[in-house]
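Colleague: Given next are the chains, with one letter for each unit.
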Amino acid sequence: MTAAIKKIGWPRMIISVFLLALFISCPFAGVNYQFAITDVIGRFGMNLVLILSLVPMIQAGCGLNFGVPLGIVSGAFGAVCSIELNATGLFGIFTAMVIACAFAFVIGFLYGFILNRIKGDEMIISTYCSFAFVGFMCMAWVRLLPFKNAILIYGYGGNGMRPQVPLSENWAQILDKFLHFKIGPIIEVPVGMLLFGALCCFCMWLFFRSKLGTAMTAAGSNPEYARAAGVNVDKMRLVSVVMSTTIAAIGMIVYYQHYTFVQLYMTPMNLMLPTVAAVLIGGAALRKATIPNVIIGTFLYQGITTVGPMVAGSAFADIADALRLVISNGMILYALTRKEHR
Amino acid sequence: MNMDTDNSVLRFENVGKSFFGNRVLKDISFSLDKGHILGLVGENGAGKSTMMKILFSMDDIRDTGGFEGAIYLDDKKLNFSNPMDAINAGIGMVHQEFSLIPGFTATENILLNREFTKKSVVSTVLGKKLSTLDRHKMNLSAKEVIELLGVNLEPDMLVSDMPVGHKQFVEIAREVNREKVRVLIFDEPTAVLTESEAEILLKALRKLADRGVAIIFISHRLHEIVDICDSVLVLRDGELVKNVTKEENYTVQDLAKWMVGRNVENKSSARKKVLENENDIVMEIKNLWVNMAGELVDDVSLSIKRGEFLGIGGLAGQGKLGIPNGIMGLAEAGGAVTFNGRQFALNAPKTALDLKLAFVSEDRRGFGLLLDEPIYWNVTFSAMQVMNKYLKRYVGLRLRDDKEMRQTAQKYIDSLEIRCVSEKQKVRELSGGNQQKICLARAFDLEPEVLFVSEPTRGIDIGAKSLVLQALRRYNEENGVTIVMVSSELEELRSICDRIAIISDGKVAGILNSSEASEKFGLLMAGLSAEKEGA
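Top line first, the protein sequences correspond to chains A and B.
Note that the first sequence covers residues 1 to 342 in our numbering.
Note that the second sequence covers residues 343 to 877 in our numbering.
Incorrect hints may have been included.
As the list claims (entries may be wrong) - 25 Å max Cα-Cα, derived SDA-like pairs, lysine to any residue:
no. : chain 1 : residue 1 : chain 2 : residue 2
1   : B       : Lys768    : A       : Trp205
2   : B       : Lys698    : A       : Thr290
3   : A       : Lys288    : B       : Leu733
4   : B       : Lys470    : B       : Leu491
5   : B       : Lys734    : A       : Leu199
None of these hints come from the bench; they were simulated from the model.
From just these sequences and the hints, can you work out the full model?
Modeller: Here you go:
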C-alpha cells in the first residue's frame, strides 16, 4: 500500500482524492456535475500544450520555465496579427501559429542566450525576463504596433489595443468544433482540440527518443558527462529554450481559440505560476519531466481549479481563488524544497 | 572475555546486527588498547561501516531495532542515543567525504564550533555567543595540530583553494584537535592521497597513537595496514574471520586472501602478446600544455606506441591527470597532438571522440556517469552520440532503439560482472566499483583505438579493483587497443603496464619499463632527472 502511494507520490494521491471529493460534493453544493465535467475537459485541452511546453527546458537542465510568458506573448502576437490580416477559419489559426512560432523563435533564441550566461540561476532570471518582456509588449500593444483593424483597437479614441480581443469573427473554437460531439444535453467534447494536444504530446515523445532528444536529456541530467561525450551542452540548452518558447506560443493559440478571446497586457503573467504548478503536480522534478507528468498534472490542476471554485463558490464566496493560489504556489514550494533531497 | 582490561579503551562483545532479517554482522568481539592502531579490512559490504554505525549509534541502527551484544568504552557499557553522545564521549571519526566549509580557512574549519574567544563589550552585554574570535590563539592551536600531522599546510588558506589531499588533512586535523579524544576512526583516509601524502598521514597516526589515542584504521590499501597496525580485524560477509596481531607476521597477500576467501592474483602474468612493431607510433604528443586546476601540465612530449599499455604516474598535483583531460578536450590545452600521423584540434571533445579516442575520467560522478539514469543509458549514450549507434529508422525518423541499448548493457553486465538488479537500475544505486565498471563499458562501447583511463581503481574495493584491471588488460590484449592509464598507485601501474612515464612538475621526468627497480621510479617522482630513458 505504502509502496503504491510512494510510486504515485503523496501530492498526487492527496490531490486526486480531493478532486474526487469535489466531484462527489457537486450535487450537495447545487452544482451540475455535467457542467463541471464539460469545463474540466475544456480547460484540460486548452492548457495541455502550454504545460507541455515546459518539458524541453526541464529536461535540458534549464529548470522550470518561469519565462513561459515570453511564449504566451508570442502566441498573443501571432493571434493579433492574424486578426489584423483578417485571416479566418483554419487558414486564420494557421497564420496565427506561423507568425507566433516565428516570433517565439526569435524571442526564444535571445532568451536562451541570456539563460546560457547565468547557469544555475535560470528560474529567478527567467522570472525577470518575463516581467521585462511582458512590460515591453504592453507598450507595443498600446502604441508601437501600427495595427488598424477595428476588432483590435479601442472603440473610442482609435488608439491602442483592447485588453480582450474577441476571436469570434476569425477562428474562435475552430479546433474545438472539429469532430465535436455531445454526451447528453450538456457535456461537450472538443475532439479537435484534444486531438491536437495528443498530437503535440506524441511529437514531444518522439523528439525525446531521437538522438538530439537523448542528448538533451543527458545534458540536463549531468552536463559534464554530456560534454565528455561530445555533446555541445550550451547548444542543447539553447535548442530547449527555443522549443519551449515556440511550443508555448502554439499552446497559447490553442488556449485562445477555446477561450474565444485574446488577452493582452499583463494577463500572460497570470498564467506563469499555474503552468509551472501543473507540471509539478503531475510529478515532474526540477530536471525530469515526462509526458505522463504533463497529462496527469494538467488534468489534476485544471480539475481542481475548475471544480473547486464551483463547489466552494456556492458555499463561501471568494474562497475559490484563494484556494487556487494556495495550490499552485504550494506545489512550486514543494518542488523547490524537494530539490535538496536529490 | 575480560583480558587485560587495564589498557583496554574499547571493547566489542558479541556484537551483531541484522536489517529486516538480513544478517549483516555476526558475533563480533574484540578489544582495542590505548595507543594501539587497529586495522579493519574487508570488501565493500563486509560489515565495516555497519560496525562503525553501531559504535556511533546512527539513526539507521536505532530505527531498525538496535544491535545485539554490547560495547564498552573504558569498561563502561555504552548506551548512546545519538551520534553526538559518541562524540562527546571522545569517539571521533574522519569521514571519506569531506564535511568542510569551502569558504573558510583551514584554521576556521579545524576549530569550527570550538573557537577560542575574547570578551568584548558586546559579549559582556549580550552574552557569550557574541564574543570576538581570538584569531591569534586559534592560529597557534591549528598550527600545532598541523605540525603534529607533519604536513605542509597553510592555516590561513581557504579550503576551497586546497588540493584534495590537503582537504583530507584538514578534516583529520579537526578530529585530532578535539580535547579528550579517546578513540579515532579513520575511514579510508588515504583514498584521495598520493603515496607520499599517505606516508605522512601514516606517520601522523603513529604519533597520535603514541600519545595514547586508540585508532581504528579502515583502508583498502592493505600495505598500509601491514605497515602501521598493531592488530588487524578481517571481516568477511559480516563475520570476523581473522584477528591477528603484528607479531604473527602476516603479509598483504594473507590479508587479501582472508578478505575475499580465495587467493588474489597480485602479480600479473607475463604479457601474452608482444608489440608487432615497436616503431609504430599511434599518437605523438609535442609540447602539450593543459590548464587544469591543481594539475597543470607545462610541457609534455610523449610518443605512444600502437597496441601498448602505457602508464602515466607521478605525485598528485604534478600534472599527470591533466594530460588525458587536455587531449580529450575537457580542459583548456595547447600544443601539437598527432594521431595516426594527423594533427587534430584540441579543446573539442567531439573531435577527439570522432577520431576514436575514449576516456574514462578520474571524476566518476562528474564526467563519468549519469547518476539518475539507468545503466543502459550510461553504457550506450556516448556511442549513440558519437557513432550514431542504437538509432533505428521508423517511418523516416531516426529514433532510439532501447531494446538494442539494453542488450548491449546486458552484455557488459555479464562480461564485466557488474552487480545490479537489472540494466534498468539507476546508476546512483550502485557501489563505486560497479559504477567504475560502467564507465569502462561506456568507453569500450566507443570501440576506441586509444583509450585513456584515469585513476580507474580509486576508491573501489580490492575485488572490484582486480576485475577492473583484468578487464583493461584483456581489452588491450584481445582487441589490440592502445591503453594509456594514469594512476597515483605506482605498484598498480607496474603490475599492468609495459612502460611508465613519470610526470613531475608538469613535464615528463622520464619513461621506464615497468620491470625497472622501484628506486628509479622514486627518483623520477621526486623530480630528479632520469639516468636513462626506457626503450
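Colleague: Hint by hint, note whether the structure agrees.
Modeller: Hints versus structure:
1. Lys768(B) / Trp205(A): The hint holds at about 21 Å.
2. Lys698(B) / Thr290(A): 34 Å, violated
3. Lys288(A) / Leu733(B): 23 Å, holds
4. Lys470(B) / Leu491(B): Cα-Cα ~32 Å, so violated.
5. Lys734(B) / Leu199(A): Holds. Lys734(B) to Leu199(A) sits at ~22 Å (cutoff 25 Å).
Of the numbered hints stated above, those contradicted by the structure are hints 2 and 4, listed in ascending order.
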